[in-house]
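In case you want the letters, here they are:
Number of protein chains: 2
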Amino acid sequence: MLPRGRPRALGAAALLLLLLLVGFFLFDGRLRGSASLDGELTWDHNRSACVPLRSLQPKCELLHVAIVCAGYNSSRDVITLVKSMLFYRKNPLHLHLVTDDVARNILETLFHTWMVPAVRVSFYNANEFQSQVSWIPNTHYSGLYGLLKLVLPDALPPDLVRVIVLDTDITFASDIAELWAFFAHFSDKQMIGLVENQSNWYLGNLWKNHRPWPALGRGFNTGVILLRLDRLREAGWEQMWKATAQRLLLTLSTTSLADQDIFNAVIKEHPGLVLLLPCIWNVQLSDHTLAEHCYSEASDLKVIHWNSPRKLRVKNKHVQFFRNLYLTFLEYDGNLLRTELFGCPSQPPPRAEQLQQALAQLDEEDACFEFQQQWLTVHRVHLTFLPLDPLPSEAHDVTLVAQLSMDRLQMLEALCSHWPGPMSLALYLTDAETQQFLRFVEASTVLSARSNVAYHVVYREGPLYPVNHLRNVALAQALTSYVFLSDIDFLPAYSLYGYLRASIKQLDLGSQRKVALVVPAFESLHYRLSFPTSKAELLALLDAGSLYTFRYDVWPRGHAPTDYARWREARAPYRVQWAADYEPYVVVPRECPRYDSRFVGFGWNKVAHIVELDAQEYEFLVLPEAFTIHMPHAPSLDISRFRSSPAYRDCLQALKDEFHQDLSRRYGAAALKYLTALQQSRSSA
Amino acid sequence: MLPRGRPRALGAAALLLLLLLVGFFLFDGRLRGSASLDGELTWDHNRSACVPLRSLQPKCELLHVAIVCAGYNSSRDVITLVKSMLFYRKNPLHLHLVTDDVARNILETLFHTWMVPAVRVSFYNANEFQSQVSWIPNTHYSGLYGLLKLVLPDALPPDLVRVIVLDTDITFASDIAELWAFFAHFSDKQMIGLVENQSNWYLGNLWKNHRPWPALGRGFNTGVILLRLDRLREAGWEQMWKATAQRLLLTLSTTSLADQDIFNAVIKEHPGLVLLLPCIWNVQLSDHTLAEHCYSEASDLKVIHWNSPRKLRVKNKHVQFFRNLYLTFLEYDGNLLRTELFGCPSQPPPRAEQLQQALAQLDEEDACFEFQQQWLTVHRVHLTFLPLDPLPSEAHDVTLVAQLSMDRLQMLEALCSHWPGPMSLALYLTDAETQQFLRFVEASTVLSARSNVAYHVVYREGPLYPVNHLRNVALAQALTSYVFLSDIDFLPAYSLYGYLRASIKQLDLGSQRKVALVVPAFESLHYRLSFPTSKAELLALLDAGSLYTFRYDVWPRGHAPTDYARWREARAPYRVQWAADYEPYVVVPRECPRYDSRFVGFGWNKVAHIVELDAQEYEFLVLPEAFTIHMPHAPSLDISRFRSSPAYRDCLQALKDEFHQDLSRRYGAAALKYLTALQQSRSSA
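Going down the list, the protein sequences come from chains U and E.
Take 1002 as the starting number for the first sequence in our numbering and just add one per residue.
Take 1002 as the starting number for the second sequence in our numbering and just add one per residue.
It cannot be assumed that every hint is accurate.
A pair holds if it fits inside one copy or across any two, identical chains being indistinguishable in the list.
[To be verified] Below, simulated DMTMM-like cross-link-like pairs (lysine to aspartate or glutamate); rule was C-alpha separation at most 20 Å, straight line:
no.: 1; residue 1: Lys1657; residue 2: Asp1367
no.: 2; residue 1: Lys1209; residue 2: Glu1298
no.: 3; residue 1: Lys1318; residue 2: Asp1364
no.: 4; residue 1: Lys1209; residue 2: Asp1102
no.: 5; residue 1: Lys1318; residue 2: Glu1365
no.: 6; residue 1: Lys1657; residue 2: Asp1490
In case anyone wonders, no lab produced these hints; they're calculated from the structure.
Whole structure, please, built from the sequences with the hints as guidance.
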């Protein structure tokens, strides 16, 4: 049957070519015509639905996108932009991110752990280019960073020819390749593609004595820009915009709309530089927007620009549509974007191949498959999800380190009232839960007031709680010399933060010394406890049976070596020896060993860490005035799912065995005592 | 400037027309040619990306979709299908759902509360048509309901001409209008549009003596069907398929693939009926699928068909891509699909207009705006989210009614062990949380074993917990004459279920009698309570200070009228009088008054209901052996967000005032005592 099909296919190909050519000329003609602005939005939106343009592009072409991003909040915004872009894209992408140190730390970790196939990310240090724009007085809310778009031809690699530049408050509703296709329509002289500004700002009639920067008609909006970098460099772009800006700043004291004022002023002088893009590629939801004239139906919309300071609360006839689109990506599970772009072969992200191999080697039928898979899972990590403003750290400062999921969020306020010092917390959340978390913090005066609590989001994936990985994420982000390794359901003594700093100073512990200060742990079975304000009060409550030593009834081995009897009387720190299953809460130098992240779910996760400390010859010193109290709570969802399962306990045993094999490998004969202890506990169990 | 633009626009329109005509002929030719199968998948997938087809359709054309859906699990599946369809659609839709009683109850409520603009839903009773297919022996997992697709030309309204028929295990990756556009390519004789079957099943060589039903080559898959109903009716479709089926069943004892076998057998005899659709419109992820030959890149994929019993666990090279697409819609917030189809004017859903007006009349600056908005919110409701198999109810049976959100899920197992009887529970969840809930139930042997617990999902929307709306949803679904109105953090006495049934019988309470049986409430401050197994044990714990009467310290008024002192001694039920702020846990006839859903968030929600019972002259009878105990837990996220706010308390006061005004209106002078009580409590506060 094939021979019969072949000629038909050839005929079809010829006709397709004709079709594309017709489409091409049609578009090209219009584009040239519509570059002259006349105050009306002249792009015919009914045309925009035509896709054939895309076919002009080489399949699998690498598309370049540049974004300037600085600070904590913009780093959150840019992720929603990136999610919307990845959702619709079919091409490999190269993101060029011009960032400050804060955004770089966040985004570098995010992309490294996100591991999206066919996405490359390069970082550029905003500080290096600031001096080129910092002389320009600017009152726009985007600040100095808005202006940095002007220096992109200089900042980006010299061999980079085309780039799409985006503001962080952009949401895609279509495939970015359709936007990229407009590069094919630049005439020989054009080098900047822009959408008209959808407000009357540049008409200069908004109020009496309103004097905007010069622009062609309504001017252009710079939230979405297509740049032919090669031509800009050749045309002397840097001299061009600097000369224009300097001249205009003689009479206009400041830019109101940052880079956009300068782009418009240059274009007013050189209108031939610009290709006008259809308005649907930058639908501007500014206050008093005229965007409604741009589209007539939902399918017209390609790119939404939230360029009002009111953001989602902006007034617009179709704001519900826009808001729903935005929320779709805000809450979208980013893990689902880790999808292979099949059809376009691409270099896998770093680590991805080994990971795939390791996962492929697992045996799905193995009873502990879920444990092994969870251990290998690379979780997306968003460091410092909320703004952080840590005080300069003293030498003896201590950060409280803990991890939690949604069901412990309500512990945060109490914890903040007990611990005024810095905290580094890892939160295990879905993308949607991060938004609930945000609203929770915003609604809490206690939490909003704190600027020394770092929240690191580790995105949920897989059935088991990756407790030790979470601890490691939080631990790695502590900025002080010492860390207090706690759990979220413990409230420390009100005085503990000050007492720990004083003790570290008094004991003259340099951060090099291998010491673990033990904070004795107690528990309350009452959920309305009047919290003891001193050791004396605590002892009284203990005697009255209102407090207990931690897990005294179900797991006394966990804290027995702390020697509660001695602690009652102690006036000075005293040294204790490791024993099997010891898992005290400790204060250690930040450089302490990491937790073993193979322990996922519940059980033995802290025990293994204490073994590691002992193996590395950390000295355990119990502090006589320190204490922390476990608050009662219902069992977590994660724990109740598994604790009844015998298979679960078998897998935990297997993890312990592997851990001990590794110990022997690393510490040799010195690790023998741990193995002996394990075997004794097993034979006594 | 306009005159200059006009001729250009006319020229463009002419060219566009040419373009479309070229496209039309091109497609039409290929489609006719490719209807003859040769064992190869002959549709050229590179062509499918061409959108102009869509432009052939009248803008805003109403598209008709028919789905056969029966039972609890298919009702869940169909919602994911509908979400994917709504996500991409730009046209108004009319869904024709052929359902059993279970699916109808679920889906009618769902769509009624979903209120998606430009979606109409009609229901057809599957029972009415079963007799037409029940004579056909069938071994396929879709059962009898699969076969019902054969009777659609008869079952759907006689004036309905075109319909797309979908299986419930379909996921859209594109706009359904693109599929609908293929109706334009039916020749005069064609009446069924189908995709080739992407397995070798019908080739009959899968195993020795494998004898499939007759088909053209690989045959067709009926997961996606375009039907020209008018032509099928005219051609005598019913006689046609019945004759074919009867004849073949003489030699083939049963259908293996339900309706699909019969469709294929008819088509084998009448190949001219069929238009072959491109394979991307039904990418079949069956076991041993050949679908890979169909697509070469992600953008090719239009419709995914999960037609393996393994569903998401099916083996396929690109299964991760398909799974991520499916999960996208499984977890997608359905509220975001309530978006106006602007550009296509359509009748708003029932109630939507009044609702819009009511919402528009609210004052955003009002301190209680959030309360009013929450009250007006229509939450999507998914009744009986999991299969239910209630025993036939006796006259004295009692259903436990309660509501919860994610943070109380871990109470369910304990509750099940305390209450063996039927339960009706409302769960306040996001779409993504419903999946966590599903996994939680699946992982729990206790919960999986229960078939008399109905879970009703009310989808989250808005900042305040709609406690009374949730109670009403659960209450309305109780199937027994009596209901025990409880809260999720209470565990009833182990004997309570039996004791309540016995008491109702003994007291000779018809369901007409206005009586509220009071179950005295206690509280434990210990989270590891050894639960009392008798009243005597409870009293001992009370005397020992291990248990307390409920809220004895913070809110004694709530339960004081129960008269705990009298209860200690009571051997027989005793009557008590209402007093201000009384909020006992009661057993009442199912027809009792509903809760006042204006009370959202926390506070006074049960109190108002008890006032309503008293106003309607319900008699309060305390049962001498009944008790229930509140288990300690951390405060919920919802409560801690608001309880600290004075504005919150002011709004609650305003709600109380409104409630009392309504009471006076409805009960006249009889309601005076409630107002007096309110004023007294206010002056004493």
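Go through the numbered hints given earlier and state which of them the structure violates, listing their numbers in rising order.
Of the numbered hints, 2, 4 and 6 do not hold.
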